[in-house]
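J.: Take the two lone chains, each set in its own frame, and fit them into one complex as the hints suggest.
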Amino acid sequence: MTAPANTAALAEVQELPEAEAAKAVRDSRPLRLITCGSVDDGKSTLIGRLLWDTKAVKEDQAAALSRDSGKQNDLGLPDFALLLDGLQAEREQGITIDVAYRYFSTDRRSFIVADTPGHEQYTRNMATGASTADLAVLLVDARAGLLEQTRRHATIASLMGIKQFVLAVNKFDLVSYDKSVFDRISHEFKELALSLGVRQITAIPMSALKGENVVYGAGTIMPWYDGPTLVQALELATIRTATAGGFRLPVQRVSRPGESFRGYQGTVAGGSIKPGDSVAILPSGMVANVKQIVTFDLVRNAAVAGDAITLVLDRQVDVSRGDMIVSLDGQPMTGLGFDAQLVALQPGGIEPGKRYWLKAGSRRQRVVVQPVSQLELSSGKWKPHAETLAMNAIGKVRLSFDEQAIFDAYEQNRATGAFILIDPDTNNTVAGGMVTAKRSDLGGIHREGERVLLSLPADLAEELMASEAFAARRDDVDIRRISGQRSNEIFETLE
Amino acid sequence: MHKHTSEFDPHLKDPVTKPPLDPHLKALENEAIHIFREVAAEFENPVMLYSIGKDSSVLLHLARKAFFPGRVPFPLLHIDTGWKFPEMIAFRDEMAERFDLDLVVYTNPRGQEEGIGPFSHGSAYHTDVMKTEALRQALDAGKYDAAFGGARRDEEASRAKERIYSFRTPDHKWDPRNQRPELWNIYNGNIRRGESVRAFPLSNWTEVDIWRYIQAENIPLPPLYYAKNRKFVERDGMLMWAEDPRFQPLQGEQIQEGMLRFRTLGCWPLTGGIRSTATTLDEVIAELEIATVSERQGRAIDRDQAGSMEKKKREGYF
Ligand SMILES: Nc1nc2c(ncn2[C@@H]2O[C@H](COP(=O)(O)OP(=O)(O)O)[C@@H](O)[C@H]2O)c(=O)[nH]1
Ligand SMILES: [Mg+2]
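Those sequence lines, one after another, are chains A and B.
The letter at position 486 of the first sequence is residue 476 when you use the working numbering, and the numbering goes up by one with no holes.
The letter at position 285 of the second sequence is residue 574 when you use the working numbering, and the numbering goes up by one with no holes.
Pulled out of the complex, with its shape left as it was, chain B reads as follows (with noise of 0.2 Å):
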């Protein structure tokens, strides 16, 4: 695969043939390209929050394109809670060899050692340990100033209230009562030590603005999100995939095998496929454009009261 990031006379890439941008998809990219120089430029230290999801990829294709010719000038981070898809973790392999990428990957040793996961210990407390306190680990780990995140205000209703800027305190604290006005596209970036900021360059973007982009550009996804002949069981109203070794079928659960997708990714046990036969792009948009319920529906961390988000988000959950 031809290397964009070690070239940097951009007369030496092959020319693109792919049709322009629409304005609409044009101006989100511009506005996520400024943000990512900016906090660039500003910080001492930041990170990019890679979650290998679809918002991820189009966060670390943005990224690349902010910095061309130049290579993405700061580290991924992947917080690996052990129970990720196996399709999740080559794919991010892929592409840290591909692009030249440095990742970071950070298990929190802590529930490591204790053998935390969704079903010995709840999903509730393996999210805290497994992802909310393992990002608060890395990041003072890193001691990073600045962390890009992936987040959309279109999601949820208390990212909706998010800046781009997003002020947190030492401890990784939020306090969505008291952030900082944000006007025009001026960030104020001005924190003291051991503060830090996260940032939000899709902030503006839709689930379909992500999907055309995707399209648009190109770019590629965990193959997770076509649908393909897996095994799985219904659970709580949820379609659990089935094929890894650490699962056991409940009582009376009969293991069905189908074509099924995924909206979003996460913890192969928190995360609900969907039935489906969009095995391209195409299909896959196409069955979005029609959808009556949101994204996260699949996802059993947002089902459990309201309020759940802004309350994981004050503690430090992205």
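With the rest of the complex left out, here is chain A (with noise of 0.2 Å):
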């Protein structure tokens, strides 16, 4: 029925409020959004009702839809998680099991939803999704209230550096509206994002099901609740900013399409450049000038993060994939050892002392993991744990490179700090890690089992104290508060 739909769609034209709103110019970059909680909080629910409130669900989408679910809720309208739940396993089982990438917008801004999976044992596809999102919307049952999973995966969005949070309680209409339940949950949850380090936070009461206070308010249900609706909260949501920091180019390919040109192509993951700067190619050092700024469209005289260029430099040197082009001053941290965390993403985990590509940006090279504890979420705590680490586990490790590694820490720059893990007998993905910081060796003063007597002014204490290399592993330290002198004396009893 092409035609009649087309037709009766350009008739309605001047009575149709909405067609403003598509035609409303968004004057910035998409914000990327995760929904995540447990099985059956809501999620796919909340994003068929943003999608469909939204109207970003066509005509003939709605009629397949009711026409597959031949089921309707008992509002009249279709189910809203098979706009989500893609996959005939999906339908068939009534889960989700892979992250589906949605698209709406209103008149003020447009969003990437990633609606993922709430089971355990797809944790992984969660992580996928949360990878990329600038904001986290936390799906509880308000009957339900905080489960393990949805502390597991608020403690992955905040692994993965999402610093915003909106706790939807949602189902509320199964809670008679109660104040009260609204109040502990929410207190609750903020306690929990809170440890994780994140203060961004928003909780709303919902009913992603009858739609109230998700694109539209929920009218006098909740006189009590003032607050915002989810997308008046998505909408003043910011995007997480590149970095602070300096340039970085990973270098993805050399771009040679004749004697006369010889340039170096990648996406700018920090900072900016100009024609004339100083660089230096990592690993080698060697330093050069930028002579010009290519893309497709002009020569620039200026590139910032996120633009994919190509960069042509002053002088001969040798550059090859993998290199990072990085300005003189703050430049990464170089090395063959370096602190992560990570999450197991495959059924085998992650062996310690087995040889893993390890691919961040462009570059890709050999690694040998070695766990260091893993994280307890019950507690919250980081518990010593030196064995393999079993899928879905959140661990802290070492790096160590048979070659030069170049990273800056995840919370500098999520794009430079980030990698993956990929298994050489599959070639499966199976971790994603945030590189914490370089390890220092101290001369080759770690060995397992032994310890070490420091003694330390009390202001150096204090800040080594504050380090979250330190606070991971606080439970492993003895600490005492003498004075210089006895300090002199211990010391030389040990001589």
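If you're looking for bench data, these hints aren't it; they were derived computationally from the structure.
These numbers come from a predicted model, not from an experiment.
Built from N, CA and C at the ideal position, the CB exists for glycine as well.
Wrong hints could be hidden among the right ones.
[Claimed, not checked] Rough simulated footprint, nothing fancy, chain B against chain A, three-plus residues with beta-carbon under 8 Å:
#1 91 to 101
#2 244 to 257
#3 405 to 412
T.: Rendered as structure tokens:
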């Protein structure tokens, strides 16, 4: 019925206010968000509702929806989850297996939303969705409150650098819109989020099914709630800005279309650059100046994080794929040993001592991984753990390379601090990781089972104790505050 | 027409005066260029599927941008079912000429021999043999280890589940239940001999983005996207183009004439037109913004049953 439907649409143009919305020019990058939470908390329903109420679902898709499901909910609307659960296996089992990406927009902004699976078994697909998100919507069933899976997802989301959470206390229609339920769950959640270092939290009582506080408000049902709807909260959220810090260009390929031209192609992963700037090529450390920034459209006088460019240097230097071109000031860390956190994504887990491929940016190299500790989700504590990290485990590890590796701390730069591990036996992606620091070996001071006594000025000790590496292993450390003289005496007795 | 591809000194280019892209489209463009470069660097023998439609046109434009000032470093593959609109074929050849492209055209020899077509054999069988099977044959023949496609996640529910690097077994099977995790913009290109990936630089684009980009970048399109006086019949709720010599009206069918355009392009017997007066890009976009049906609605292939796209994709359809 193509033609009639379309003609009808044309005829209706004057009456439809949403036609205006679709036309509005979006003046910013899309906000990327994920929905996460335990099975059946209503993630797919919520996104379906978002798509429906922002008119991102077209008539024929809606028709297919009610035809396939045969069932409608008690509001006479189609089963929204079927908009998202697009795989046959998902429809058959009524669950979400893999992440689905969907697109909608309001007149203020456009959004890319990843609907992620709730089952622990499919945590890897949740991590896939979280890695690129600016914001996480964590759903809980108002009747059940926070579950272990909610904690797991909140933890993974925060590890992956998501700094903005929306807590959707869903199915609020099933708890008689009781304010005390909302207060209890949102309080508990805020404590969890704060313990993860997330400070931007918006809690919203919601019914995804009925569309209350999603795109539209809840009318007079919850007079006590005067906060934003979900969409209002999303419109106000910020996009993760690239980063402070120096210029980074991971070289993807060298363009040599003819003898007279040699350009280094890649996407700027941090900072900015202009012709005339001096740069270093890592890991070699050679220095050159930028002659030109070439793009298809014009020769540019500057490029910033996110731009896909071709860089021409003023002299012949050896640069190949996997190298990084960086500003002279504020260079990334290079070295053979790094500390990192990772999420194990496959049934085999991550084995100590095994050689994996590590890919970061365009650089792929061999690495050996040594687990150090594992996060216990129930307590939020890191427990020493040197064995295989099982699937879905979140661990701290040491990375050891044969050749120089180049990283920023993930906290400083998501693009140059992230990596994946690839199992050389299966070629599958088995972990996603985030570098925390370069490991300094202190002249080989580390030997298994041995302890080191340090005597430090109190202010330096304080700084050390404030570091994340320290906090993670606080339980392994003995500390006494003593006078300088007493310290000397002790050290003398040791000699 | 100006050839960008044969110049190595960007200074020689004409100054371009168009306004900068808005940040949303710029972000999508940057992502697509990144993917193009990554695949070209990591795989030995990539190819780009070129189906001549608007998504392919955008894909081609992005490929030219990604490798500028070099030429596109891989061939374009067109699977010709023998039932494409003649305007598509003319446009394809013009683009290949203008942009100095390596164009590979492949038609399934078995299907050609047996005279397989949508009218004689039904649309499902025709698509299976002339599109899906032909694609597998062409990919095997070229020993391609990576193939770019213009699919977008907003097109269809099973496409919304696609990775950007979508892994395929040696017999081109897709296992949607067991996809590799894909974190950040770090793509895992490790494969064994015979295996391949399909790479989708336009994954995060919507139909509206495509049109707005075409407008902003002034990308040439086949004339079928614009309304023109065409002959057609109304068959099974679809407006079928009726100017090909192989077209036979059914009993009681009236050949009509009127302003018609197409929202997607494919085999003409399977691609419904829409009545429209939009003869310019601005008018096409104005129509799109108030459209209440999705672009795939005109396509016979998707209507059969829920999950039909997934089934086709598992079998090797793009
Ligand atoms: N009463 C009520 N039911 C809901 C609400 N949201 C979701 N549901 C139902 O909860 C069930 C699970 O929803 P689904 O979206 O598949 O959950 P997911 O596993 O998190 O994706 C479905 O039967 C939904 O209809 C809500 O706000 N209120
Ligand atoms: Mg779900």
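J.: Give a verdict on every hint.
T.: Taking the hints in turn, this is what the structure says about them:
1. 91 to 101: Coverage by chain B holds for the segment 91 to 101 of chain A (4 residues, Cβ < 8 Å).
2. 244 to 257: holds (count 10)
3. 405 to 412: holds (count 5)
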